[in-house]
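A.B. asks: Each chain, written out:
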Amino acid sequence: VLRTKTFIVLALAVMAGALGNVFLSRGMKLAGDFGASPGGWLRPLVSALFLGEVWLGIGCLILFLLLYLAALSWADLSYVLPSSAVGYIAVALLAHFAVGEHVSVLRWFGTFTISMGVLLVGGTPPRTTAVDPDDERGREDIP
Amino acid sequence: MMINVLLLAVVVVAGAMGEVFATQAMKRVGEIHTLRPGRLLRLFGKGMGQRRFAVGLVLMAVSFFAYLVLLARTELSFAVPATALGYVVESLAARSMLGEQISGRRWAGILVMCVGVAMVTAG
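Protein chains in written order, with my numbering: chain A, 1 to 143; chain B, 1 to 123.
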């Protein structure tokens with residue numbers, strides 16, 4: 001049951017995170033012209049704050065964070081982290097199929113490689129330093 | 001292209017520095033053993049009282065706005081994987097500024113991610 005619950009929550013988190021980036025990307029492209037020098041960015045940045053897509057994107061990313069944190073409250077980080085790796089592939093799939101971007105073969109390989117890297121970074125000890133140098137309890141989990 | 005690289009640098013470096021500062025401040029606040037909203041809010045206030053925490057929050061906000069501009073200027077399939085460089089900079093900052101140890105496996109992951117980001121950037 002725990003496994004199913006974790007899987008469902010993480011699947012929802014991955015979807016929320018990927019959709020959040022899609023909405024943010026769409027919203028920011030509607031916000032105006034960012035092509036010019038940084039001096040002209042303030043106006044489109046402000047107009048972005050009035051776009052539904054941008055807030056939908058931010059909402060999705062907050063939902064992602066809440067679901068992710070919820071999963072972390074009962075599951076190991078090394079069990080949860082692979083879902084971040086899947087997230088990169090989900091974004092590439094959405095960019096291709098939903099946004100209509102051309103994702104080159106090299107970019108697909110790069111995305112998979114990054115996911116591999118995320119998997120490797122996971123599964124390392126969560127704490128290698130003591131919280132308080134005088135607090136011996138904090139030292140038990142240092143390898 | 002140059003501006004996009006600079007934007008990516010701001011996203012990654014400001015984000016990593018923000019997290020380092022927030023970590024330093026939170027370690028001083030002490031380990032959190034409660035999940036009650038009221039007490040969490042008070043702990044947040046305690047954190048905000050430290051300049052480091054406030055600076056960390058500002059840096060994270062700068063990172064997010066730079067990410068928004070990056071999304072406006074580049075393709076989604078570039079912006080999201082490119083910001084995975086954040087893992088790399090965060091790990092290096094955690095080692096040099098927080099004294100955290102980085103395992104061999106983590107170094108390998110960092111290296112693999114760098115290769116992946118290079119491929120995404122070149123593609």
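Mixed in with the good hints, there may be bad ones.
Quick look at which bits of chain B chain A covers, simulated, 3 or more residues with Cβ under 8 Å [what the hints assert, rightly or not]:
(1) 12-23
(2) 44-51
(3) 73-86
For each label pair, taking beta carbons as the anchor points, the in silico distance ranges come out as [unchecked claim]:
(4) L77/A with T34/B: 16 to 22 Å
(5) R39/B with G100/A: 46 to 52 Å
(6) H96/A with G38/B: 30 to 36 Å
(7) A61/B with G39/A: 19 to 25 Å
(8) A98/A with F64/B: 18 to 24 Å
(9) W107/B with G100/A: 33 to 39 Å
(10) G38/B with G59/A: 21 to 27 Å
(11) W55/A with G99/B: 48 to 54 Å
(12) V105/A with G38/B: 28 to 34 Å
(13) V55/B with L2/A: 15 to 21 Å
(14) I8/A with P37/B: 23 to 29 Å
(15) E31/B with K5/A: 41 to 47 Å
(16) E75/B with V1/A: 28 to 34 Å
It should be emphasised that the hints constitute simulated quantities derived from the structure, not laboratory data. Beta carbons: idealized from backbone N, C-alpha and C, even for Gly.
A.B. asks: Each hint needs a verdict: does it hold in this structure or not?
C.D. replies: We went through each hint and held it up to the structure:
1. Counting residues of the region 12-23 of chain B whose C-beta lies closer than 8 Å to any C-beta of chain A gives 0; at least three are required, and the coverage claim is violated.
2. A stretch counts as covered by a chain when three or more of its residues have a beta carbon under 8 Å from one of that chain; for the region 44-51 of chain B and chain A the count is 0, and the coverage is violated.
3. Chain A is given as covering the region 73-86 of chain B, and this holds because 9 residues of the stretch bring a CB closer than 8 Å to a CB of that chain, at least three being needed.
4. As the Cβ distance of L77/A to T34/B is approximately 20 Å, the hint placing it in 16 to 22 Å holds.
5. A beta carbon spacing of about 48 Å between R39/B and G100/A agrees with the range 46 to 52 Å that was offered as a hint.
6. A beta carbon spacing of about 46 Å between H96/A and G38/B contradicts the range 30 to 36 Å that was offered as a hint.
7. Our hint of 19 to 25 Å for A61/B and G39/A holds, since their Cβ atoms are close to 20 Å apart.
8. The hinted range of 18 to 24 Å is satisfied by A98/A and F64/B, whose Cβ atoms lie roughly 23 Å apart.
9. Checking the proposed 33 to 39 Å range against W107/B and G100/A shows it holds: the Cβ atoms sit about 38 Å from each other.
10. Between G38/B and G59/A the beta carbon distance is about 25 Å. The supplied range of 21 to 27 Å therefore holds.
11. Checked against the hint of 48 to 54 Å, the C-beta distance between W55/A and G99/B comes to roughly 39 Å, which is inconsistent with it.
12. Separated by about 53 Å at the C-beta atoms, V105/A and G38/B break the suggested range of 28 to 34 Å.
13. The hinted range of 15 to 21 Å is not satisfied by V55/B and L2/A, whose Cβ atoms lie roughly 39 Å apart.
14. Taken as a hint, the range 23 to 29 Å holds for the pair I8/A and P37/B, whose Cβ atoms sit roughly 25 Å apart.
15. In this structure the hint that E31/B and K5/A lie 41 to 47 Å apart at CB is violated, the actual value being about 27 Å.
16. Taking 28 to 34 Å as the suggested C-beta distance range, the pair E75/B and V1/A does not conform, at roughly 41 Å.
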